[in-house]
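Engineer: So the protein sequences, as listed, match chains A, R, F and G.
Start counting the first sequence at 1; every next residue gets the next number (my numbering).
Start counting the second sequence at 1; every next residue gets the next number (my numbering).
Start counting the third sequence at 1; every next residue gets the next number (my numbering).
Start counting the fourth sequence at 1; every next residue gets the next number (my numbering).
Quick caveat, the hints were computed from the structure, so don't treat them as lab data.
Among the hints, a few may not be true.
Quick list of the computed label-pair ranges, beta carbon to beta carbon [unchecked claim]:
| id | chain 1 | residue 1 | chain 2 | residue 2 | range |
| --- | --- | --- | --- | --- | --- |
| 1 | A | D39 | F | K77 | 27 to 37 Å |
| 2 | A | I11 | G | K158 | 52 to 62 Å |
| 3 | F | K141 | R | K111 | 30 to 40 Å |
| 4 | G | K12 | F | K7 | 32 to 42 Å |
| 5 | A | Q238 | F | N115 | 53 to 63 Å |
| 6 | F | Y213 | A | I11 | 33 to 43 Å |
| 7 | G | E104 | R | K111 | 17 to 27 Å |
| 8 | R | E232 | A | K62 | 40 to 50 Å |
| 9 | A | K7 | G | K158 | 33 to 43 Å |
| 10 | F | E145 | A | D39 | 28 to 38 Å |
| 11 | A | T61 | F | D215 | 32 to 42 Å |
| 12 | F | K77 | G | G130 | 47 to 57 Å |
Straight-line C-alpha distance at most 20 Å; calculated EDC-like pairs for lysine to aspartate or glutamate [claimed, not checked]:
| id | chain 1 | residue 1 | chain 2 | residue 2 |
| --- | --- | --- | --- | --- |
| 13 | G | K158 | F | E145 |
| 14 | A | K142 | A | D39 |
| 15 | G | K62 | R | E156 |
| 16 | R | K158 | G | E156 |
| 17 | F | K229 | G | E156 |
| 18 | G | K158 | F | E224 |
| 19 | G | K229 | R | E156 |
| 20 | R | K7 | A | D107 |
| 21 | G | K62 | R | E145 |
| 22 | R | K158 | G | E222 |
| 23 | A | K62 | F | E224 |
| 24 | F | K158 | A | D39 |
| 25 | R | K225 | A | E156 |
| 26 | F | K158 | A | E222 |
| 27 | R | K63 | G | E231 |
| 28 | R | K229 | A | E156 |
If we take Cβ atoms under 7 Å as the criterion, some of the chain R residues that face chain G in the derived model are [unchecked claim]:
| id | residue |
| --- | --- |
| 29 | Q98 |
| 30 | N139 |
| 31 | A157 |
| 32 | G166 |
Where a beta carbon is used, it is the ideal one built from N, C-alpha and C, also for glycine.
There are 4 protein chains.
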Amino acid sequence: MATIIKKKKGIKVRKGAILVVGLPGLGFIGRIAGKYLVDKLGGKKIAHLVSSQFPPQALITKKGRIRALQHVFYHVKLKKRDVLVLLGDVQPLTPEGQFELSLEIVDFVMKLGVNEIITIGGYATNRLEGNIHVLGASNSKKHKELMMKAGVLYGEAKGSIVGMAGMIPALARFSRIPSTCIMAETHGAIVDASGAKRVLEVLSKHLSFTIDYSDLDKAKEETEKLINKIEEELEKQQEALKEKNKAPPSYIR
Amino acid sequence: MATIIKKKKGIKVRKGAILVVGLPGLGFIGRIAGKYLVDKLGGKKIAHLVSSQFPPQALITKKGRIRALQHVFYHVKLKKRDVLVLLGDVQPLTPEGQFELSLEIVDFVMKLGVNEIITIGGYATNRLEGNIHVLGASNSKKHKELMMKAGVLYGEAKGSIVGMAGMIPALARFSRIPSTCIMAETHGAIVDASGAKRVLEVLSKHLSFTIDYSDLDKAKEETEKLINKIEEELEKQQEALKEKNKAPPSYIR
Amino acid sequence: MATIIKKKKGIKVRKGAILVVGLPGLGFIGRIAGKYLVDKLGGKKIAHLVSSQFPPQALITKKGRIRALQHVFYHVKLKKRDVLVLLGDVQPLTPEGQFELSLEIVDFVMKLGVNEIITIGGYATNRLEGNIHVLGASNSKKHKELMMKAGVLYGEAKGSIVGMAGMIPALARFSRIPSTCIMAETHGAIVDASGAKRVLEVLSKHLSFTIDYSDLDKAKEETEKLINKIEEELEKQQEALKEKNKAPPSYIR
Amino acid sequence: MATIIKKKKGIKVRKGAILVVGLPGLGFIGRIAGKYLVDKLGGKKIAHLVSSQFPPQALITKKGRIRALQHVFYHVKLKKRDVLVLLGDVQPLTPEGQFELSLEIVDFVMKLGVNEIITIGGYATNRLEGNIHVLGASNSKKHKELMMKAGVLYGEAKGSIVGMAGMIPALARFSRIPSTCIMAETHGAIVDASGAKRVLEVLSKHLSFTIDYSDLDKAKEETEKLINKIEEELEKQQEALKEKNKAPPSYIR
Numbered sequence: 001m002a003t004i005i006k007k008k009k010g011i012k013v014r015k016g017a018i019l020v021v022g023l024p025g026l027g028f029i030g031r032i033a034g035k036y037l038v039d040k041l042g043g044k045k046i047a048h049l050v051s052s053q054f055p056p057q058a059l060i061t062k063k064g065r066i067r068a069l070q071h072v073f074y075h076v077k078l079k080k081r082d083v084l085v086l087l088g089d090v091q092p093l094t095p096e097g098q099f100e101l102s103l104e105i106v107d108f109v110m111k112l113g114v115n116e117i118i119t120i121g122g123y124a125t126n127r128l129e130g131n132i133h134v135l136g137a138s139n140s141k142k143h144k145e146l147m148m149k150a151g152v153l154y155g156e157a158k159g160s161i162v163g164m165a166g167m168i169p170a171l172a173r174f175s176r177i178p179s180t181c182i183m184a185e186t187h188g189a190i191v192d193a194s195g196a197k198r199v200l201e202v203l204s205k206h207l208s209f210t211i212d213y214s215d216l217d218k219a220k221e222e223t224e225k226l227i228n229k230i231e232e233e234l235e236k237q238q239e240a241l242k243e244k245n246k247a248p249p250s251y252i253r
Numbered sequence: 001m002a003t004i005i006k007k008k009k010g011i012k013v014r015k016g017a018i019l020v021v022g023l024p025g026l027g028f029i030g031r032i033a034g035k036y037l038v039d040k041l042g043g044k045k046i047a048h049l050v051s052s053q054f055p056p057q058a059l060i061t062k063k064g065r066i067r068a069l070q071h072v073f074y075h076v077k078l079k080k081r082d083v084l085v086l087l088g089d090v091q092p093l094t095p096e097g098q099f100e101l102s103l104e105i106v107d108f109v110m111k112l113g114v115n116e117i118i119t120i121g122g123y124a125t126n127r128l129e130g131n132i133h134v135l136g137a138s139n140s141k142k143h144k145e146l147m148m149k150a151g152v153l154y155g156e157a158k159g160s161i162v163g164m165a166g167m168i169p170a171l172a173r174f175s176r177i178p179s180t181c182i183m184a185e186t187h188g189a190i191v192d193a194s195g196a197k198r199v200l201e202v203l204s205k206h207l208s209f210t211i212d213y214s215d216l217d218k219a220k221e222e223t224e225k226l227i228n229k230i231e232e233e234l235e236k237q238q239e240a241l242k243e244k245n246k247a248p249p250s251y252i253r
Numbered sequence: 001m002a003t004i005i006k007k008k009k010g011i012k013v014r015k016g017a018i019l020v021v022g023l024p025g026l027g028f029i030g031r032i033a034g035k036y037l038v039d040k041l042g043g044k045k046i047a048h049l050v051s052s053q054f055p056p057q058a059l060i061t062k063k064g065r066i067r068a069l070q071h072v073f074y075h076v077k078l079k080k081r082d083v084l085v086l087l088g089d090v091q092p093l094t095p096e097g098q099f100e101l102s103l104e105i106v107d108f109v110m111k112l113g114v115n116e117i118i119t120i121g122g123y124a125t126n127r128l129e130g131n132i133h134v135l136g137a138s139n140s141k142k143h144k145e146l147m148m149k150a151g152v153l154y155g156e157a158k159g160s161i162v163g164m165a166g167m168i169p170a171l172a173r174f175s176r177i178p179s180t181c182i183m184a185e186t187h188g189a190i191v192d193a194s195g196a197k198r199v200l201e202v203l204s205k206h207l208s209f210t211i212d213y214s215d216l217d218k219a220k221e222e223t224e225k226l227i228n229k230i231e232e233e234l235e236k237q238q239e240a241l242k243e244k245n246k247a248p249p250s251y252i253r
Numbered sequence: 001m002a003t004i005i006k007k008k009k010g011i012k013v014r015k016g017a018i019l020v021v022g023l024p025g026l027g028f029i030g031r032i033a034g035k036y037l038v039d040k041l042g043g044k045k046i047a048h049l050v051s052s053q054f055p056p057q058a059l060i061t062k063k064g065r066i067r068a069l070q071h072v073f074y075h076v077k078l079k080k081r082d083v084l085v086l087l088g089d090v091q092p093l094t095p096e097g098q099f100e101l102s103l104e105i106v107d108f109v110m111k112l113g114v115n116e117i118i119t120i121g122g123y124a125t126n127r128l129e130g131n132i133h134v135l136g137a138s139n140s141k142k143h144k145e146l147m148m149k150a151g152v153l154y155g156e157a158k159g160s161i162v163g164m165a166g167m168i169p170a171l172a173r174f175s176r177i178p179s180t181c182i183m184a185e186t187h188g189a190i191v192d193a194s195g196a197k198r199v200l201e202v203l204s205k206h207l208s209f210t211i212d213y214s215d216l217d218k219a220k221e222e223t224e225k226l227i228n229k230i231e232e233e234l235e236k237q238q239e240a241l242k243e244k245n246k247a248p249p250s251y252i253r
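All chains should be modelled from the sequences, with the hints used to inform the complete structure.
Structural biologist: Listed below in C-alpha cells is the structure:
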C-alpha cells in the first residue's frame, strides 16, 4: 500500500493534542460532526493524505481543478488544548487498506504530539423515540471513565464496529494511546444531523468548548452533496466499465 | 501485509521451548485444546498479534471495551520445558496472508527460543464409531518418530491440510524447526470437545504433564460462544453491506 | 507491486522538460495523439516500463519475438524544450496499481528534469454536432491559465476522471508539478481520430510546434490494430481459463 | 509477496549455465519434459522455492510427511555445460504473483551463473495430423537464430503466452539474458507425452545430449498422478469451503 501524507511547513501542534476522526460511515455522523467542528472552531488544513487504497477517482471541481479522493487533517486551537480533526472522502477499498491506513494515521498523529483519539460513528438501532444516546467502546478503562463523564453510555453497544472508526482505537492500544469510538444511535439509512449534534455535545463537554448548532442542517446538506457526488461518480464509472468492457478488456482502458 | 506483534516486557522463555498452535479450524479442535491447555496449566499472556489480513472488525466487549480480532501468545512453564500456546480468533483472509503470517509466527517464536512446533487440527472422517485417532503429518522423519511415541497415527491422513495448521509445519522446515500437525478425527460440522480431548492426551504424553478433563465441556461452550459472536458479527456486517450498498458506494462508508 | 523501468544509457534530457501521457482510455484519444506526436516529431525510445500490475500476457510479434505488455517513454527534442511522451499498451489491473504506477511515473520523470505534465483523455458527451472542445482539469490555478491560452475549455468537464489520466495530475500536485488532464469530447465507443487531432492542436499551440495531420487516419488504424490484438488475446485467454478450469485448478496451470 | 528460496550449501554451478523451466501449463508439456530431463540426466535437487502466491495447501505424503506446494531447482552436469531445471507444482495464484515470481527466478539464477533461459509450454492447435512442430518466441534475434538451428519453428505461433512460460523470457530481456519459450503443438485438453518428446528433441539438439525416450509414458503417468492429486485437493477444499461456510465465516476457519 502506498500512502502520501503531505504536511504543510511550519505547523506546530502543542503536545497532548487530541485527534477527532470524522470519516464516512453509518448516517455520515462522523463526517458531519467533524466538518461542523472544523467550521465552527476555525480549523485550518495542515495536511493532505491520499492512498492507493482509495478508489482511483480524480474529482473535477467546479473551477476546473482536479483532486484525488483524500483525507484532510485540520488544526483547531482551543485555549487549553490543540485538536486535530481528520475528515475523509472515503474509507479504503479493502480490509487490509483500512488496517494499514489506521496504523499510518495513528503513527502520524503520535509524531505530531497527539495523546488521545476519539473516532465518531453511528450505531444502528430501531428504538429512537426518546433520547438519542451516544454509545461508546474504549480501548482502556481509564478513557472509558473519562468519556462517561462527558455523557457517553457504555454497555449498550453490542457486536462489533467495522471500518476505521473501530480499527483506529483498537490499533491505538498497541501504541498506548487512549482512544474511544463514540457512536450516536441512528437509523442507518439516512444522513443524520441529529446524531451529529449529540456527538458534538459530548465533544463540547469533553473538550470544554461551546458552539451553536443552528447551522447543522446546512452542514448536513453540504455533506450530502459531497457524498452524493462521490457516490454518483463511483456508480457511473462502474456502470460504464460494466457496459463497455464485459470481458477482460476491462483492464485495457 | 502489516502485522503487529506486541510482546510484554521482561518475558523470559527458556531455550528449547515448544510452540503449540490452536487456531480456528475443523471442529475447532485446535482452539478448544489450546484454550484448555492455557487454562489448566496456568498460561500467561505474553504477546498480542494483529494483522491487516484479519477481518477489519473491532469487537465490543461486555464491559464496553474495544479490541481487534487477534492472536494471543501464552506462556506455560512446565518443570522441564517452556510451552508457548498460540490462540487465535481467526485465520487470515487470504492465502497470501496465511502464508505470510505463518512465516512471521515461525520467525517470532524462533527468536524467543522455540525449537519445536505442534499445530492442532481436525481431520474429517465418517467412520467414528470406535476410537478417535489422532493423525499426524510431520515436516521431518525424526519428529514423526517422536510423535508416534506419543500416540500419533501416521499413514492414515491423506490429501492436504488447508490453512495455517498445515502451512506452519511446511514453512518451519525452511527454518529447520521440527514440526507436526496433529489432527483428531472429527465429523467436521460440530464443535468437537472429544477430539480436543484426544489431542490433549497426545500432548500430555509428549510433554509429560497431567491435567483433568472434567471441564472440557465448559471450554467447548466458551469456544462456541466466542466463535458464534465473531461469525455473527461478520455475517451481520456483510449482509448490511450487501443491502445498503449494492453498487460501488460499498467502499465509501 | 513490482515495476521495472529500464532506461537507455547516456540519455540526456534538458531541464524543464514536459511529459505528455498517452495511455489507453476513452476513445483511445491519448494513445493515438501520443503516438502521432512521437511519429511526427521523431521521438526516440529512452525507457521501457513493465509492471506486475499489467495483465500477465507476453505478446508474440510477427517476427517471433516476445514482449510483455509495457509502457514506453519517448524523447522528442523541440527547439526550445524537450518533450517526453509516455505511450502504454494498458493501464494497471487494479486501483492500487494505477495509483502506485502514477506515483512511480511522476517520480521517474521528475528525476529526468520534467517540471510539467499533460495527460490526454477523452470526455464522453452526446452533443458532438459542432466543434469538438478540449476540456481541462488542472492541479493548479497557474497551469489552468496556461492551458486556457492554448485553447482548453474549463468549467464544462464535470464529475471525475478514472484511471491514470486523472490520477497523475492529482498526485503530481503532491510533488508540486503543474499538471493538467486535457480531454477531447468524444462518443466514447469508437476509436476517435478527430478527438486526437483536437488534442494535438492544443499541444502544438502550447509547445509551439507544427505538424501536418494528413496521416492521422493511418495512426488511428495502427492503434486499433494493436488494441484489438491485445483485447483479443486477453479475451481468448480468459475464455480458455473459464472453459478448461471451472474449479480451483484454475491456478494450477 | 513473500518468497523463500532455500539453496543447499556448497552448490557450485559453472558459469554460463542454462535454465530450463518446466511448470504446469498447456498439456503439462513443460512439466513432463522437465521431469524427464532431470530423471534421465541425473539431476540433483539444489534449491526449494515456496511462495505466498501458491495455493495455501500443505500436501500430506504417503509417508506421513507434510510439504507446501513448491518449485524445485535441479542441477544437471553435462560435459560442456551445467543445466538447471526448474520444476513446479503450480503457478502463482495472481498475475501479480506470476510477474514477481518470474522476476525473482531470473534474479536467482543469474546469481548462480545462468546466461540463457528456455521455458517450455504447449501451443493449442487443431491440425495435429502430421508432424508436431515446436514453435518459438524469443526475447532476442540472436537467441531466435540459435533456437532455429535446434529445430524450432518461428512465425507460426500467434497471439500471446499466458503465465510464467511467457513472462520469464519477457522479463529476462530486462536483465539482458537471451531467452526463448518453446512450445510443442498440442490439443490442450490432455496430458501430452508426444509434445514433451518433441520438446526434448529440441533441447537434446541444442544442448548436445542424447537420451532414450522409452520411459516417457511412465513419466507422463507420474505427472498425471501428481497433478491429479493437487487438483483434487484444491477442488475438495474449495467445495468444503463453499458448503460449510456460505457467508463471511469462510475466513474464520
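Engineer: Which numbered hints are broken by the structure, listed smallest first?
Structural biologist: 1, 3, 5, 6, 9, 13, 14, 16, 23, 24 and 27
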